[in-house]
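Colleague: Residue numbers (our numbering), protein chains in the order written: chain A, 1 to 299; chain B, 1 to 123; chain C, 1 to 261.
What the hints contain is simulated information worked out from the structure, not anything from laboratory work.
Bear in mind that the values here come from a model prediction, so they are computed numbers and not experimental data.
Just so you know, not all the hints are guaranteed correct.
[Stated by the list, open to error] Dumping the calculated PhoX-like pairs for lysine-lysine here, alpha-carbon to alpha-carbon at most 20 Å:
no.: 1; chain 1: C; residue 1: 258; chain 2: A; residue 2: 30
no.: 2; chain 1: C; residue 1: 103; chain 2: A; residue 2: 147
no.: 3; chain 1: C; residue 1: 4; chain 2: A; residue 2: 140
no.: 4; chain 1: C; residue 1: 4; chain 2: A; residue 2: 137
[Claimed, not checked] Footprint (simulated), chain B over chain A, 3 or more residues, beta carbon under 8 Å:
no.: 5; region: 34-42
no.: 6; region: 117-130
no.: 7; region: 279-288
Here a beta-carbon is modelled for each residue, glycine too, at the ideal position from N, C-alpha and C.
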Amino acid sequence: MGRRISEKENGTFGTEKKVLMIKGLDKVYKGGVHAVKGIDFNVNEGEVHALLGPNGAGKTTTIKSALGFIHYQGEIKVFNEAIDDVRPNVAFVPEDKSFYEFMTPEIAIKVCTRIVDQFDPNMAFDFMRRFSLPMKKKIKGFSHGMKTSLYLSLCLAQKASLYIFDEPTWGLDPIRRDDVLEIIRNLVIDGKTVLYTSHIISEVEKIADRISILFDGRILFSGYTDDIKANFRIFYLPLDYRLPDKCGFLSSQKDREKRVILTADEETIRSLRQAEQAEEVVPNLEMFFQTLLRGKQYA
Amino acid sequence: MWMRVELRSPLPVYEQIKMGIKEAVMIGKFERDSQIPSIRELAKDIQVNPNTVARAYRELESEGIIFSRPGIGFMINVNRNGIKNRLLEDLEAELSPLIKRMIKAGIQKKDMNEVIERLWEEE
Amino acid sequence: MLKKTMMEMQFRIVLFVLFFVLMLVVLIATRPFIDEIMAQMNFDSEQMKNLPDFFKNILAETSQLSKMVEDDQFFLLSQWYSKNFGQFLPLFVLIMVFPMFSKEVDKGTIFFLLSKKNRPAIFWGKVIPGYMVVMGITLFFVFIAPIVMMLSGYSVAFTPQLLAMIVQQLISVTFFYALFLLFSIVFNDQIKPVLAGILVAFGLPFFSMFEGTKWLNPYPYILGQSVVTKGTFDGVYSVGLLALTAVILWLGLEVFKKKEF
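Here chain A stands alone, though its shape is the one from the complex (with noise of 0.2 Å):
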């Protein structure tokens, strides 16, 4: 087994400044949705931070919260301040990437040359030029990869330092969610912060430094991607297996056939190797994930 790793040893082009501090996080909408129950939950700075969950789950709700868009329990802070004191350093791009549908890409760029702070227009420009936006087009015949691209071009050309997507590659061809993980990558090199949401697991594997599952409003896992492989294990054991007395596991559940268990702790582990017809795994994040929703939890 890999050898354990603590959460200081990772951080690299960043540091261990929290960018985003959330705690107690609980919101009710009228109607009664518990979006959200009560969550811990910090993004680092120089960090990519993925938020993973089913629709639902609470991401959304998460992110709105965080940028003063709803009234929520709980704190929050940006960059150790409220988020009303800090916004030219906050660039959002919103799930549904409507814009204004009477603008062309260069009006897009006027306009936000007057209302966003540290803005960059000519950032704005190699970006659209480099997604290949048609500068004289309007708006409103754009296909949503081309209103993802403009969206993108237009947050990017804002100087921020924590940059929050949600769903950016979600609709994609192949070429530009690549162009939007390079981005990313370059995001992370010049040292910035990049919250984001996806459902695309593979993806979220080789650019997020540390991601948090949610589900039903509830956190069932935060921390680095790296952990996952060092630390966890998936075993598959017969149904009638008895597990041992001190069992710390993530997850258990009872799959059509086998008991899968989910789990971290050494102890187990060691028992569970010694299990009859148990079948160890080390979990990439899709089996993690999958496994970690599929299962109840126990202490």
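Here the structure of chain A is known, so what remains is to put chains B and C in place on it, guided by the hints.
Modeller: Same frame as chain A, now just chains B and C:
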């Protein structure tokens, strides 16, 4: 592409990168004092987070396998033999608990050797 | 955000400028003929429908009526401000204002603004330029009408009565601006603010039906009834409307600040 990251591998990405560099030295792609790709370049080539590459390089540096020249980049610090020794050290570290387990279970050295032979042939 | 606001309104600006210009041209062109029509007028119920309510009060003295119609100044006050232009003011403001906030929410572009600026900044960044546009058009047409009549050779002057009429109409526009702005903030789609606005614009006159609620109908004020019939400026109503405007504006800001998106 001389290095590829496998999501199915049991090794975390940064470990795969470390292995990749070591293997590249073993097969002669890099020699002692030759320069390896910068963090940025490698991150782009294999499409991973630059932090991950940075971490791999940091660990390789602390293991003495590479060193950094400010303003120039990262260079290989050991020759093929040096790598070989390190890899064998890694192998020993990985195998040791496993072999202890086998001995405890009563497996004979001869049986273990058979397994090693067979696995070697398969590759 | 002035340029952006103007770009968003550009089609409607052109529409209303053309509309009011046309209205003014037609009015002045038919000036000579109105004389004859009015002079020949009897208690013809058909024609009576075309007159604002308060005209019916003074119809008893038809001889005086025709004399008054010969008066260019009276024509200007009663036909432009009190009728054609004045009646359209609420609708004009409604159409200019209704999508100001509601369209951004409807189309999802509000998130762009919300992430870049704080609520008060967004609010004033829309409200002030919008007001400048609406007032700009209003000011243009309240002043251009007498000027054009003067240039056409009619005897018209900027009397205190005329100025009183202008001030009342500017205050009226300001009031409706704040009110329809509030509708645009409260509703999240583009249709409800229009419906609410139309309900208000066409429903307010009904308050005149009952003696006790008569004052709730602002149309006599908007159309300058006191100015035309008595030559006086309605100071009380003016102050009241301005105070109400301030309250509605404050309300709009508070609602927008607390709203969830």
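Colleague: All the hints need checking, so say for each whether the structure fits it.
Modeller: Results for each hint:
{"no.": "1", "hint": "258/C / 30/A", "result": "14 Å, holds"}
{"no.": "2", "hint": "103/C / 147/A", "result": "18 Å, holds"}
{"no.": "3", "hint": "4/C / 140/A", "result": "16 Å, holds"}
{"no.": "4", "hint": "4/C / 137/A", "result": "17 Å, holds"}
{"no.": "5", "hint": "34-42", "result": "violated (count 0)"}
{"no.": "6", "hint": "117-130", "result": "violated (count 0)"}
{"no.": "7", "hint": "279-288", "result": "holds (count 4)"}
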